[in-house]
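*Asks:* Quick note: the sequence shown, position 275, residue 347 per this note's numbering, numbers continuous.
Incorrect hints may appear among the rest.
[Unchecked claim] Label pairs and their computed distance ranges (CB to CB): (1) H269 x D186: 17 to 27 Å; (2) P110 x K183: 41 to 51 Å; (3) K109 x S311: 16 to 26 Å.
[Stated by the list, open to error] Calculated pairs, DSS-like style, for lysine-lysine (alpha carbon to alpha carbon, straight line, at most 30 Å): (4) K104 x K284; (5) K183 x K115; (6) K230 x K178; (7) K298 x K274; (8) K262 x K185; (9) K273 x K230; (10) K264 x K183; (11) K178 x K284; (12) K109 x K236; (13) K298 x K115; (14) K152 x K234; (15) K109 x K264; (16) K262 x K208; (17) K264 x K185; (18) K236 x K152.
Hints in this document: simulated from the structure, not taken from any laboratory. Keep in mind it's a predicted model, so treat the numbers as computed, not measured. Using N, Cα and C, we set each Cβ at its ideal position, and we do this for glycine too.
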Amino acid sequence: MKKIFLSLVVAALFGMPFATARDASAVQVTVKQQPGKPVTVQKIGLLGNHGVGVESIMQQHKTGGWHVVNVPLEVEGYTKQKDENGNFLPVHYIPSLTVKVCLLFKQQDEKAKDPSPLMLSKELSFVNIPVPVESKKKGIRKNDIFAGVFISPSDAWKINEKAKGELDGTLVAYAIESTFNGSNCMNSDKNKHPQAHVLDKKLEREWNLTGKWWSRATKDQGVALKSASETPYAFAFGSFYPEMNPMVVGGESAATVPGASAVSASDSADRATTADTTGGADAATTSDSSSAENSAGVEVTDEDSSSTGKKRSKSKRRSRRSSSL
Numbered sequence: 073m074k075k076i077f078l079s080l081v082v083a084a085l086f087g088m089p090f091a092t093a094r095d096a097s098a099v100q101v102t103v104k105q106q107p108g109k110p111v112t113v114q115k116i117g118l119l120g121n122h123g124v125g126v127e128s129i130m131q132q133h134k135t136g137g138w139h140v141v142n143v144p145l146e147v148e149g150y151t152k153q154k155d156e157n158g159n160f161l162p163v164h165y166i167p168s169l170t171v172k173v174c175l176l177f178k179q180q181d182e183k184a185k186d187p188s189p190l191m192l193s194k195e196l197s198f199v200n201i202p203v204p205v206e207s208k209k210k211g212i213r214k215n216d217i218f219a220g221v222f223i224s225p226s227d228a229w230k231i232n233e234k235a236k237g238e239l240d241g242t243l244v245a246y247a248i249e250s251t252f253n254g255s256n257c258m259n260s261d262k263n264k265h266p267q268a269h270v271l272d273k274k275l276e277r278e279w280n281l282t283g284k285w286w287s288r289a290t291k292d293q294g295v296a297l298k299s300a301s302e303t304p305y306a307f308a309f310g311s312f313y314p315e316m317n318p319m320v321v322g323g324e325s326a327a328t329v330p331g332a333s334a335v336s337a338s339d340s341a342d343r344a345t346t347a348d349t350t351g352g353a354d355a356a357t358t359s360d361s362s363s364a365e366n367s368a369g370v371e372v373t374d375e376d377s378s379s380t381g382k383k384r385s386k387s388k389r390r391s392r393r394s395s396s397l
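Between the sequences and the hints, there should be enough to build the whole structure, so can you do that?
*Replies:* What follows is the structure, given as structure tokens:
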């Protein structure tokens, strides 16, 4: 009894979903194909300029706008729990669901003749997804949702520099991965309901988009997909998507190029820790110079770093004496 009470308290305080008899214990996710409505990159209109003249400013500085890609999904949930008569209990919600959106773009530099592949991925963590529609399958209820990812104006420019940030026709392919309680929950019928779709058949052959092309080795390109909560449109689009898990800030994102080496998150974490411990602009300058020396093959020894620390401490003492005078 105490364990149940503590679980309820934690769920209430941190906004975490707490499983009940009405929550699904099994989930299946299917990528939907809408006839006449292919998945595309859509440009988002402004929410009103409030007299500031935002449109004219955008035209003057030749900056693109925000873009969004919405992938339609069908989610089905059911429970293995039964009532007194042996009937399956009705399901009302899917307590949690993780959806990873993978998008393959053709990146076009201003001077490059041919486009290069650029893959972006974003992990979305949903909670409390309602399943109000009765499925044809007994005991299963479903709902249609969208997994939406956004692209900022600066990132859109990096994707298509040649067209000044316009992304119309740049999406080559997309794929969806989904997990429920840590296990894969994608529709197992790969032929009838594939989890990946290629929109550009010509590049499909040129780039060899076979197998799980979206899971190839990756490299950070400084471009990142965003969830709705990470954009200026959070309030406008918040109700259009399922509820996001408040414990997961921003989800997971990665910018990728098929065939390149991976850049791990631990590397960036180590850099951030080094910057925090050394402190200020001096630390940033030191880390930049040391990384440049390392890339050139110059070895940085502990003796060099200790002498640098001594020089810095001496300069601090001199500054304190001069300030006291």
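*Asks:* Is 41 to 51 Å respected by the C-beta to C-beta distance linking P110 and K183?
*Replies:* Taking Cβ atoms as reference, P110 and K183 lie about 30 Å apart, which means the hint is violated.
*Asks:* Between K230 and K178, is the straight-line Cα distance small enough, at 30 Å or below?
*Replies:* At roughly 11 Å apart (the allowed maximum being 30 Å), K178 and K230 satisfy the hint.
*Asks:* Lying within 16 to 26 Å: is that true of the beta-carbon distance K109 to S311?
*Replies:* 21 Å, holds
*Asks:* Is the hinted pair K183 and K115 satisfied, with a Cα-Cα distance of at most 30 Å?
*Replies:* Holds, because 24 Å separates the two Cα atoms, which is no more than 30 Å.
*Asks:* For a C-alpha distance cap of 30 Å, please report whether K298 and K274 respect it.
*Replies:* 28 Å, holds
*Asks:* Given the range 17 to 27 Å, decide if the beta-carbon distance of H269 to D186 lies inside it.
*Replies:* Once the Cβ atoms are compared, 23 Å apart, the range 17 to 27 Å for D186 and H269 holds.
*Asks:* Are the Cα positions of K104 and K284 separated by 30 Å at most?
*Replies:* 19 Å, holds
*Asks:* For the pair supplied as a hint, K236 and K152, confirm whether the alpha-carbon distance does not exceed 30 Å.
*Replies:* Cα-Cα ~53 Å, so violated.
*Asks:* Could you grab the alpha-carbon distance between K298 and K115 and see if it respects the 30 Å cut-off?
*Replies:* This hinted pair holds, its Cα atoms lying about 14 Å apart.
*Asks:* Given the hinted pair K109 and K264, is their Cα-Cα distance within 30 Å?
*Replies:* Answer holds: K109 to K264 is near 18 Å, not above 30 Å.
*Asks:* Can you confirm whether the C-alpha distance between K264 and K183 stays at or below 30 Å?
*Replies:* Violated, at roughly 41 Å.
*Asks:* K262 and K208 were given as a pair; does the straight-line alpha-carbon distance stay at or below 30 Å?
*Replies:* Given that 30 Å is the threshold and the Cα spacing comes to 20 Å, the pair holds.
When each numbered hint is compared with the structure, violations occur for hints 2, 8, 10, 14, 17 and 18.
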